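Trainee: Sequences listed follow chains Y and D, in order.
Heads up: the first sequence begins at 0 in numbering that gives the first Met the number 0, then just goes up one per residue.
Heads up: the second sequence begins at 0 in numbering that gives the first Met the number 0, then just goes up one per residue.
Hint data in this document are derived by calculation from the structure and do not stem from the laboratory.
Nothing here was measured: the structure is a model prediction, and the numbers come from that model.
Glycine residues also receive a C-beta, built at the ideal position from the N, C-alpha and C atoms.
Hints are not guaranteed to be accurate.
[Stated by the list, open to error] So these bits of chain D aren't anywhere near chain Y, every CB distance computed over 10 Å:
1. 6
2. 8
3. 97
4. 98
5. 100
[As the list claims (entries may be wrong)] The calculated lysine to aspartate or glutamate pairs, modelled on EDC-like cross-linking and capped at a C-alpha distance of 20 Å, are:
6. Y:98 <-> D:95
7. Y:169 <-> D:73
8. Y:98 <-> D:92
9. D:89 <-> Y:86
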Amino acid sequence: MFNISAFSLYDAVFIVIAGVTLLAALGVVLFPNIIYSALSLILTFLGVAAIFFQLNSGFLGVIQILVYAGAISVLILFAVMLLMNTEPGRTNLPTTRLKTLFAGGGITAMLLTALIAAIGFTKWTEFDLPGVDNSVGMLAEAMMGDYIIAFEAAAIMLLTAVVGAILIAKGVQEK
Amino acid sequence: MIGLPHYLLLGSFLFCIGVFGVLTRRNAIAVLMSIELMLNAVNINLVAANKFAAADAVTGQLLAVFVIVVAAAEIAVGLALIISIFRQRKSVELNDFNLLKW
């Protein structure tokens, strides 16, 4: 099944990006210092952005870098710095309850097995569709045309979330 | 050689790492980070399905944009809640978040 001659540069790039992304994601979960976890999370976001670029979705890759690797990671780092009250090496420990740890590992293993089995047993047909040249233009037309209601609803939800976040973090003074 | 199944596999692994983090971490911020991992895995699936099954449309990419929007809102509100609880409890450990328990 493994044919070395069919191995192209595209495949090699995918394997490298996927490997880096998965290692960084494991780092997020396994580092005992939460600052390392946050930095590892940024690397994961950049890896996912690279996957988007590889899938011909440049616009989404740029959004991923701007929103995730830029804004969200800074937000998380700020929160981590504000809320650290123990020594750094003990900020991101696994749960002390052994039962929870084993249950979590077991559930994860079962989920992973089910997903891999589902992907492995499905018969994938090869589509050979020509890609679109101007996917950003099509995205803009879809967003401002058919999906305008969803777009506006998302805008309102973002506004509500930002106002709510400020209110919750500031705390309400009771008179 | 690399096709849709490989991208789906990558998404599955990333999602399961996120699930493991949510279930076993003690720090609330680490749980939020794991949720971000899961959302990213879903985005990979959406974009890959868009490219390999319906390359002449942008529906998958559009859905991924909305997922990113919701993720940004979620992380902002989530961190605000954690900061607010930290003020009362002086802790970010999930075991100490028992304000609604009697």
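Trainee: Hint by hint, note whether the structure agrees.
Mentor: Hint check:
1. 6: violated, 7 Å
2. 8: violated, 6 Å
3. 97: holds, 15 Å
4. 98: Its Cβ never comes within 10 Å of chain Y, the nearest being 14 Å, so this holds.
5. 100: Label holds. Min Cβ-Cβ 16 Å, cutoff 10 Å.
6. Y:98 <-> D:95: The given pair, whose Cα atoms are some 18 Å apart, holds under the 20 Å limit.
7. Y:169 <-> D:73: holds, 17 Å
8. Y:98 <-> D:92: This hinted pair holds, its Cα atoms lying about 18 Å apart.
9. D:89 <-> Y:86: Judged against 20 Å, a Cα distance of about 14 Å means the pair holds.
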